[in-house]
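Engineer: Residue numbers (this note's numbering), protein chains in the order written: chain U, 1 to 377; chain F, 378 to 754; chain H, 755 to 1131; chain X, 1132 to 1508.
Rather than coming from a laboratory, the hints here were simulated on the basis of the structure. Just so you know, even glycine gets a beta-carbon here, dropped at the ideal spot from N, CA and C.
Cβ-to-Cβ under 8 Å is the rule here; a few derived chain F residues that face chain U:
#: 1; residue: 626
#: 2; residue: 630
#: 3; residue: 709
Now the stretches of chain X that chain H is said to cover, found in silico as 3 or more residues with beta-carbon under 8 Å:
#: 4; region: 1337 to 1350
#: 5; region: 1422 to 1432
#: 6; region: 1457 to 1464
Spelled out, the chains give:
Number of protein chains: 4
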Amino acid sequence: MFVVMAGTASEAEVLGVKSAILAEGLTPYDHAGPDRTVIAVVGDMGARKPALLERLAALPGVKAVTPIGTPFKLASREFQPEPTIIRVLDAVIGDGGLTVMAGPCSVESRDQLFETAEGVAAAGATILRGGAFKPRTSPYSFQGLGVEALRYLAEARERTGLPVVTEVMEPSQVDIVAEYADILQIGTRNMQNYSLLTAVGRVARPVLLKRGYGATIEEWLMAAEYIVSSGNPNVILCERGIRTFETYTRNTMDLTAVPVLHGLTHLPVIVDPSHATGKRRLVQPMALAGIGAGADGVMVEVHPRPDEALSDSEQQLDLPMFRSMMAVLVPIHAQLRRLREAGAGAARTAAEGRPATAATGDSTFGDRPPAGAAVPR
Amino acid sequence: MFVVMAGTASEAEVLGVKSAILAEGLTPYDHAGPDRTVIAVVGDMGARKPALLERLAALPGVKAVTPIGTPFKLASREFQPEPTIIRVLDAVIGDGGLTVMAGPCSVESRDQLFETAEGVAAAGATILRGGAFKPRTSPYSFQGLGVEALRYLAEARERTGLPVVTEVMEPSQVDIVAEYADILQIGTRNMQNYSLLTAVGRVARPVLLKRGYGATIEEWLMAAEYIVSSGNPNVILCERGIRTFETYTRNTMDLTAVPVLHGLTHLPVIVDPSHATGKRRLVQPMALAGIGAGADGVMVEVHPRPDEALSDSEQQLDLPMFRSMMAVLVPIHAQLRRLREAGAGAARTAAEGRPATAATGDSTFGDRPPAGAAVPR
Amino acid sequence: MFVVMAGTASEAEVLGVKSAILAEGLTPYDHAGPDRTVIAVVGDMGARKPALLERLAALPGVKAVTPIGTPFKLASREFQPEPTIIRVLDAVIGDGGLTVMAGPCSVESRDQLFETAEGVAAAGATILRGGAFKPRTSPYSFQGLGVEALRYLAEARERTGLPVVTEVMEPSQVDIVAEYADILQIGTRNMQNYSLLTAVGRVARPVLLKRGYGATIEEWLMAAEYIVSSGNPNVILCERGIRTFETYTRNTMDLTAVPVLHGLTHLPVIVDPSHATGKRRLVQPMALAGIGAGADGVMVEVHPRPDEALSDSEQQLDLPMFRSMMAVLVPIHAQLRRLREAGAGAARTAAEGRPATAATGDSTFGDRPPAGAAVPR
Amino acid sequence: MFVVMAGTASEAEVLGVKSAILAEGLTPYDHAGPDRTVIAVVGDMGARKPALLERLAALPGVKAVTPIGTPFKLASREFQPEPTIIRVLDAVIGDGGLTVMAGPCSVESRDQLFETAEGVAAAGATILRGGAFKPRTSPYSFQGLGVEALRYLAEARERTGLPVVTEVMEPSQVDIVAEYADILQIGTRNMQNYSLLTAVGRVARPVLLKRGYGATIEEWLMAAEYIVSSGNPNVILCERGIRTFETYTRNTMDLTAVPVLHGLTHLPVIVDPSHATGKRRLVQPMALAGIGAGADGVMVEVHPRPDEALSDSEQQLDLPMFRSMMAVLVPIHAQLRRLREAGAGAARTAAEGRPATAATGDSTFGDRPPAGAAVPR
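Work out the full structure: start from the sequences and follow the hints.
Structural biologist: See below:
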């Protein structure tokens, strides 16, 4: 259940509620929003639930106690109405700006990485991606350069100023990856690797959580809940395609997940058209489609010479294609943001009795608190 | 196989090739583009194929004879490189402009239809939709007003000037629907009703062909091929969502189909976010996403009072929501068109050795012949 | 709603209830089972429902009036608890015996059909299948011999004594196909062709209704409901695979649908491993699996020389393979039937508080009324 | 590539080939079958492949060198034609007998486990299952008793003599689970957790590898390849349902995977109708269907009082239902085995020019070497 504190509640009153929850052997998680503080109560309440609800509602400073309508709690908009904004070095994710994560599928050499990193930085990318540990379907495929690649990524950050995102594949790798990288990526095959989710939930690095290719939106949010409830509130969701009967594309990009998520959760959402489509010629239109759907950003694979790539060669853009994409993506995102901030909030739907935009996930473009959850290096 | 005529070939030479094909008991279909004429050869060639290919290649005026790489022939870009542009009354579909089909799921009464028609026309819709014959999962559900609804739709056309699209469900209905409507719609459940496809292939009305919710892109194009090879070149493809394991939305909107189709076929492609999502609050972001993906237009369900609708009440927009959507959709489409026409064509990809945009389906925004296949009433 | 008459209710009392329903502008459908008669009330009741329920419950001979828990009514087990048994010539479907429909994908010639028909009859097939009108993905593929094939099928029936099942593709074909064939097949692509469903609902021939490859079990039963509510109670359901991400097989055979259906409906269920798998070497194990799941029979494609077949050559068995399959299928079915009739009915589950077998669809193997719905030629 | 040694090749000749492969920086894996030895060559060969192939073919004792047609190598039937037979305590898996793994979803208490273990042992189960570490979609759900449960399982093994299978969720748990359990289970969510696959590949315990609910058959075999190529040849594959649009059942049980796998791999295959269907009344028919499809065994969840279960309460059988299932399963499996061993091998298909049964996966029921890969405790 959620305990909603009155706007005027004192810190002592918030503490009083948390103590009462702890005294019951339950765990309180609190979120202090601009207008009010909400405390989520987590744990097995069993039959005492109605009595407990009544008791908490009677405590000083409590405005209301409500049951939780979704299986995810801390990730829900009910718990935190305002969007989560994540700051890493100079990059800001989820504040209405355009996040562009770009870089090679795999880090193959220092030169390949630096050439790509400088190219995408010059074209406007805000975050550098690159695989060090690669989850491969075959045990005989290239498995990544490992720690060597992590060092190159850290060097590339020095040269470009771009924060670095890279995948972590098992709990025992979390520390070493967190030492070099700025954002830890959980890949699609590990979305339900609960040991790993708990492990990344315990470090001070934002996590990019890719959707499992066979996972529902709800399961995806439950995976995010594992991370957040372990102590790490900075989760970025990344739609990368689901598996369907269609064989023309590598996956089916479920862009509707973007506005659905913006309605259900406060976490930022980006889209990965490279993995979703598997074909480089489809990346630009699907990146644009993602921005149209309201995504907070895109992640694309870029390689100086895609045909020589050691992995995913068919879906990586070369640098001219990346620049060409940015030349369309940036102004379209800017205009969309202007339009949403300007007038779209005005329309009300008679059918729903509330602003059309609130429900369409446009609230991510609305008023925000001045500061996000800064994650310093 | 395709016989590509030299740009300088005379009409007599084209005729000569067609005669040679007919003499073999095969069927020639020709397309005269701005630069060249292509003749598709259809029929069972069996073992004589190589000999025939050689013979045709030697005829005067023939530039090349090529095998066909796809199972669809007349619908392919290889047969007709330039986009099909369809004109109905004042509406033009596929010329780079924004097509907006809007109206109620079902025509429920004269008043309901007129109120909606005038509302969507005022807000910028270019075509009026409305169901007269309704395919319903249950035999006990409202099955539509039938011919009465067709009459109302024709009246609404008189009042608003908007051409009318409505569904036809069986071969014996084709004549009566074609009498009243301007565009015949084939619904998702009938995408592989081959008798019906052949029947609509024989009338002088454009056809809106919805994707079967369980159909691949290739099967969808084969369904279009049934219509085109029966004599009707004016087919509009409409993505309306496919069925996946995701249950949050009614279907999963496969927007990647848009650039894929723009690469494979010359037919225009629109998207239907109402059926794809099943929830009105998702319609606006997914319409925008569709435009981002390069769609030639959108189809949305609009009802003056959605909560009173006899069918699909959860997914119909009311008029304020429709206006709100148009206020964002129109400028974004316009800017995207400008950007594409301006510079995007310049980028070349080293990896593919050809213009990035040709492959991304942007060719639909390139140079076009001045006139489309006008379909007068 | 269902009006359940007392076991002692007189014919006059049943008539009284039906009159009362008709007087309300609603339609009564009655089913006289061995123990009791049930009358389904169909039509739009709106707000008068509670009052009507009360009024009907008070009529003489009425034992109970219950709301209907499923969207399908006449096809439900609640309406008719005992299984529908269909008799066509000497074949009986749904009585606990093993139905085997076999024959070529397409009727290609008189000789090919007769050779196959005699071969499968000698090996124990109970019904002859063969395509006359073929729904093909491509307009350029072999579309079947049409009426000529229907004549061959009728001749083959004369020679072998086997009733004949063949597909009908559109409402205008129903009469001619019904003239020659004993069972009308609705193909997977037409499962939601409601005009066709209604048309076959009006003829005195059993209907084999294949599951749409993208359809849910509930939609499939709604399609059956269209046929039954149009007047034809003799529907056989045929599972033929659904579409999934798995590409190794043509479709994914959803055998769990068999016991699910046996729980939900009284209609017989057969399985088609030829279309479900698309590979002949998988037909025998999947036919056995179907029998293990409780299916009333199987439908398999057999061709004397599969490699020369004009359609589906990879999935047709040759005659030795068919005989080999029958040599395993027949004794396994017989033993399974013995086991089920003997002891399995004895086990009760504490968890469900009712016989385990009733729910597992084994009721189709229980006591049955002596006579089914005979359909004489 | 595979190097096939002549039947008469000496041990020294086999060693010679392996040395030649190692000298190239590649890895040889050899399998000594009853008739011949096959050596798989693994590693990046690049351009030297044709020359290498020629050189190896010329070595003494080599009969043939063939490229590998599948991405999985050591798991393929080409590498090892005869089936893998796994022995654990008194249980034998893959020898044509019926393996039955049964027990509770989660170990909840010593009493609950012992009651179940004794009940399923008495009814004929050959292996005891029970969850100690539970992968749960929600971080707030019961996560299993952990090591305490492992101790109970070991005790239950003492009392019943049944070997124990239980899930391991992360690399760091492998040692402790291997200390108590006889077979290590990899759950559906971890099928592509490559770190975990490699870790269980290094211990001397057979591994039960569940199919990922969104994974293709090929990916599943690649996951098995990770385990086998890490040194553990004893992998049992378990089909437990894939995710589709059908919502009536928890998953769609892909039973066709059974004969497909028997054609592609030598590893034993069992089926799990509890997770595949999610409903206890569907377990018995689908277990029978699995046996019909040729599975080497079944895995079912059994709980003394399913309604009180802490997880998966709807799909667990109670003990009477389990006994009832066994009463049908055992005799049907026995008869099927007799029929297959007796006559079915005789039929040849003209179409394929080889024994029908070889291709249907029935080869798992053919002649086998007397001893499997025994895994002593």
